[in-house]
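Engineer: Between the sequences and the hints, there should be enough to build the whole structure, so can you do that?
2 protein chains.
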Amino acid sequence: MPGEFDFISWIHAQQRPHKSVRVGIGDDLAVLNLASANPASPPRHTPGRVNSGGAPGRADGRSAEDLLLVGVDQVLDGRHFDSTLHSPESIGRKAMNRNLSDCAAMGCLPAAAVIALALPADYGQDRARQLFSGIAAAADPHYCPIVGGDTSTWPGKLAISVTILGRSLGVAPVLRTGAAVGDGIYVTGPLGGSILGRHMTFSPRLDLGRQLATYRPLGNPCIHAMLDLSDGLLQDLPHLLAPSNLHPQLGAKLDPTRIPLHPDALELSKTSGHPPLHHALTDGEDYELLFTSPVQPPVGIRIGTITAAPGILLGDTPAPRGGWEHAL
Amino acid sequence: MPGEFDFISWIHAQQRPHKSVRVGIGDDLAVLNLASANPASPPRHTPGRVNSGGAPGRADGRSAEDLLLVGVDQVLDGRHFDSTLHSPESIGRKAMNRNLSDCAAMGCLPAAAVIALALPADYGQDRARQLFSGIAAAADPHYCPIVGGDTSTWPGKLAISVTILGRSLGVAPVLRTGAAVGDGIYVTGPLGGSILGRHMTFSPRLDLGRQLATYRPLGNPCIHAMLDLSDGLLQDLPHLLAPSNLHPQLGAKLDPTRIPLHPDALELSKTSGHPPLHHALTDGEDYELLFTSPVQPPVGIRIGTITAAPGILLGDTPAPRGGWEHAL
Numbered sequence: 001m002p003g004e005f006d007f008i009s010w011i012h013a014q015q016r017p018h019k020s021v022r023v024g025i026g027d028d029l030a031v032l033n034l035a036s037a038n039p040a041s042p043p044r045h046t047p048g049r050v051n052s053g054g055a056p057g058r059a060d061g062r063s064a065e066d067l068l069l070v071g072v073d074q075v076l077d078g079r080h081f082d083s084t085l086h087s088p089e090s091i092g093r094k095a096m097n098r099n100l101s102d103c104a105a106m107g108c109l110p111a112a113a114v115i116a117l118a119l120p121a122d123y124g125q126d127r128a129r130q131l132f133s134g135i136a137a138a139a140d141p142h143y144c145p146i147v148g149g150d151t152s153t154w155p156g157k158l159a160i161s162v163t164i165l166g167r168s169l170g171v172a173p174v175l176r177t178g179a180a181v182g183d184g185i186y187v188t189g190p191l192g193g194s195i196l197g198r199h200m201t202f203s204p205r206l207d208l209g210r211q212l213a214t215y216r217p218l219g220n221p222c223i224h225a226m227l228d229l230s231d232g233l234l235q236d237l238p239h240l241l242a243p244s245n246l247h248p249q250l251g252a253k254l255d256p257t258r259i260p261l262h263p264d265a266l267e268l269s270k271t272s273g274h275p276p277l278h279h280a281l282t283d284g285e286d287y288e289l290l291f292t293s294p295v296q297p298p299v300g301i302r303i304g305t306i307t308a309a310p311g312i313l314l315g316d317t318p319a320p321r322g323g324w325e326h327a328l
Numbered sequence: 001m002p003g004e005f006d007f008i009s010w011i012h013a014q015q016r017p018h019k020s021v022r023v024g025i026g027d028d029l030a031v032l033n034l035a036s037a038n039p040a041s042p043p044r045h046t047p048g049r050v051n052s053g054g055a056p057g058r059a060d061g062r063s064a065e066d067l068l069l070v071g072v073d074q075v076l077d078g079r080h081f082d083s084t085l086h087s088p089e090s091i092g093r094k095a096m097n098r099n100l101s102d103c104a105a106m107g108c109l110p111a112a113a114v115i116a117l118a119l120p121a122d123y124g125q126d127r128a129r130q131l132f133s134g135i136a137a138a139a140d141p142h143y144c145p146i147v148g149g150d151t152s153t154w155p156g157k158l159a160i161s162v163t164i165l166g167r168s169l170g171v172a173p174v175l176r177t178g179a180a181v182g183d184g185i186y187v188t189g190p191l192g193g194s195i196l197g198r199h200m201t202f203s204p205r206l207d208l209g210r211q212l213a214t215y216r217p218l219g220n221p222c223i224h225a226m227l228d229l230s231d232g233l234l235q236d237l238p239h240l241l242a243p244s245n246l247h248p249q250l251g252a253k254l255d256p257t258r259i260p261l262h263p264d265a266l267e268l269s270k271t272s273g274h275p276p277l278h279h280a281l282t283d284g285e286d287y288e289l290l291f292t293s294p295v296q297p298p299v300g301i302r303i304g305t306i307t308a309a310p311g312i313l314l315g316d317t318p319a320p321r322g323g324w325e326h327a328l
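Going down the list, the sequences are from chains Y and F. Position 293 of the first sequence, counting from 1, maps to 293 under the working numbering, and the rest follow consecutively. Position 185 of the second sequence, counting from 1, maps to 185 under the working numbering, and the rest follow consecutively.
Think of the hints as simulated: they come from the structure by calculation, not from any bench. Hints should not be assumed to be uniformly reliable.
[Stated by the list, open to error] Cut-off 30 Å, straight-line C-alpha distance, at most; resulting in silico cross-link-like pairs (DSBU-like, lysine-lysine):
| # | chain 1 | residue 1 | chain 2 | residue 2 |
| --- | --- | --- | --- | --- |
| 1 | F | Lys270 | F | Lys253 |
| 2 | Y | Lys19 | F | Lys19 |
| 3 | Y | Lys253 | Y | Lys270 |
| 4 | F | Lys19 | Y | Lys157 |
Structural biologist: In structure tokens:
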């Protein structure tokens with residue numbers, strides 16, 4: 001659909017404040033404080049924090065709150081996988097791992113998941129079971145029970161939607177907003193070329209995400225903003241630069257020599273006609289964490305710096321928003 | 001897919017106990033007690049209740065617990081609606097109302113929802129906005145914020161998946177298991193013929209569901225078991241008769257003269273070749289509540305009685321499991 005992002009912006013604009021919603025549509029996961037919406041409890045929401053896009057609990061440092069996080073991510077035949085190429089088990093794994101990656105990006109722990117399976121009429125029991133087994137195999141190591149589902153056959157293609165519930169358990173969720181001028185920009189691993197197969201087999205960075213969210217070298221959380229790289233570095237980085245209650249529109253200066261190139265990016269460049277850096281900047285589906293911090297974090301490779309001047313520089317060259325696809 | 005129900009049974013059998021899961025796959029919504037899974041809290045789960053299928057909190061009467069409920073329900077083009085016939089707005093309404101109906105069936109209050117939209121490549125902004133507006137229009141009267149979503153275009157048909165979060169807020173969720181011999185069987189409204197249009201325009205029985213869940217004429221909840229009618233009375237009733245920790249396999253005796261016939265059932269019978277009762281028993285998508293109670297409830301039409309002998313009788317005639325479709 002032309003204007004897919006316009007539609008998402010429009011949905012975003014439809015949101016109204018709700019007392020239980022700390023963070024709504026627009027981050028990796030929504031953040032809910034159901035206790036504040038309990039009629040039996042005194043209201044605990046603070047003006048300027050509820051649904052503000054600000055970092056909940058940041059000012060408190062480590063929070064005793066147990067916030068509920070929730071989000072949904074779907075994988076669709078012909079868009080996120082190809083059912084003629086990929087095994088049902090690997091498709092199921094990807095469906096769950098994309099959601100676990102969202103938990104990683106918030107620094108929360110997965111708590112439960114529900115799944116909706118839309119199966120082609122001729123899909124058959126065997127493939128359906130393999131699909132579910134892939135979902136469960138991805139969830140089990142993270143103690144994430146699958147507690148509900150809806151399975152339908154239909155005259156359409158394979159579609160899988162996974163909704164994940166996460167818990168903050170005393171660690172303030174790390175939002176997309178919150179970066180500050182001078183922060184270093186970091187990634188947790190090398191980028192590019194995931195289409196060679198890694199986009200189906202990646203491991204969500206749950207341990208790293210939690211480690212980063214809990215890292216408090218000076219008594220306060222040091223990770224200002226974080227997301228997981230799904231659309232590609234140049235497409236996703238602007239989400240960390242958007243204006244918020246805390247900061248105006250920001251920019252970024254990337255050092256192209258420091259961006260870690262995945263071997264897949266090198267491999268793909270042999271046939272694609274693009275340099276490996278192009279793949280690292282634009283391919284997407286890396287599912288590494290991208291985050292900003294004013295101090296050296298315990299993990300991560302520094303690739304640049306947050307700037308006051310809006311826009312993204314690659315060295316001294318402006319990078320077109322959304323990537324190089326049309327610029328090269 | 002042949003054996004769709006077999007697959008669901010298989011998934012059900014894959015479940016393992018989890019300390020935070022009171023009720024997993026198999027009811028209208030899953031019931032979670034996240035407090036019991038909080039490492040910072042003492043364990044509060046009781047053997048025999050966790051994931052037992054028994055009625056949580058029943059023995060306590062009104063429970064002070066705030067349990068979290070969660071479930072997912074999808075609507076698919078060609079299965080639950082026809083995008084060449086139905087407006088995007090009505091499709092969106094149905095997607096949300098099916099989920100709100102699940103909240104009604106548990107007697108809980110909706111708390112938040114997330115949605116996954118898989119849009120055909122040529123769907124366009126206008127229809128996408130109408131779709132979302134329908135979802136929001138159904139959710140808003142029930143103070144159910146839409147807090148997250150995932151929108152993708154794809155080379156497939158329109159698919160919408162809605163995940164609903166609900167809260168018990170001190171009222172024990174009413175499960176599908178819990179019916180007892182001698183209970184009356186009740187429905188909240190007339191049945192049959194929903195395909196004439198009502199399947200798109202029904203109102204979820206949230207107020208009635210909550211009213212029933214909170215009704216305690218003798219100090220204890222009087223509604224033993226409840227669900228919402230989506231697949232048809234003869235298809236859904238067996239879910240209230242399944243064996244559980246509380247009871248062995250049960251049966252039901254329905255009084256065919258008391259089953260309320262919707263005017264749509266009468267209308268449809270003029271052209272279908274089936275009597276109106278056939279439509280009331282088998283059509284499905286009524287989204288009325290079906291429940292059992294040992295005492296006269298505040299709302300509902302009594303249509304039969306729970307029996308110790310397994311099987312469903314229509315008067316004195318055995319009704320085939322799953323309906324009359326193949327029996328007539």
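Engineer: Between Lys253 of chain Y and Lys270 of chain Y, is the straight-line Cα distance small enough, at 30 Å or below?
Structural biologist: 28 Å, holds
Engineer: Given the hint that Lys270 of chain F pairs with Lys253 of chain F, test it: the Cα-Cα distance must not exceed 30 Å.
Structural biologist: Within the cut-off at roughly 28 Å; holds.
Engineer: Run the distance test for Lys19 of chain Y versus Lys19 of chain F: straight-line Cα separation, threshold 30 Å.
Structural biologist: 29 Å, holds
Engineer: With a cut-off of 30 Å on the C-alpha distance, tell me whether Lys19 of chain F and Lys157 of chain Y pass.
Structural biologist: 36 Å, violated
When the structure is compared with the earlier hints, a violation turns up for hint 4 alone.
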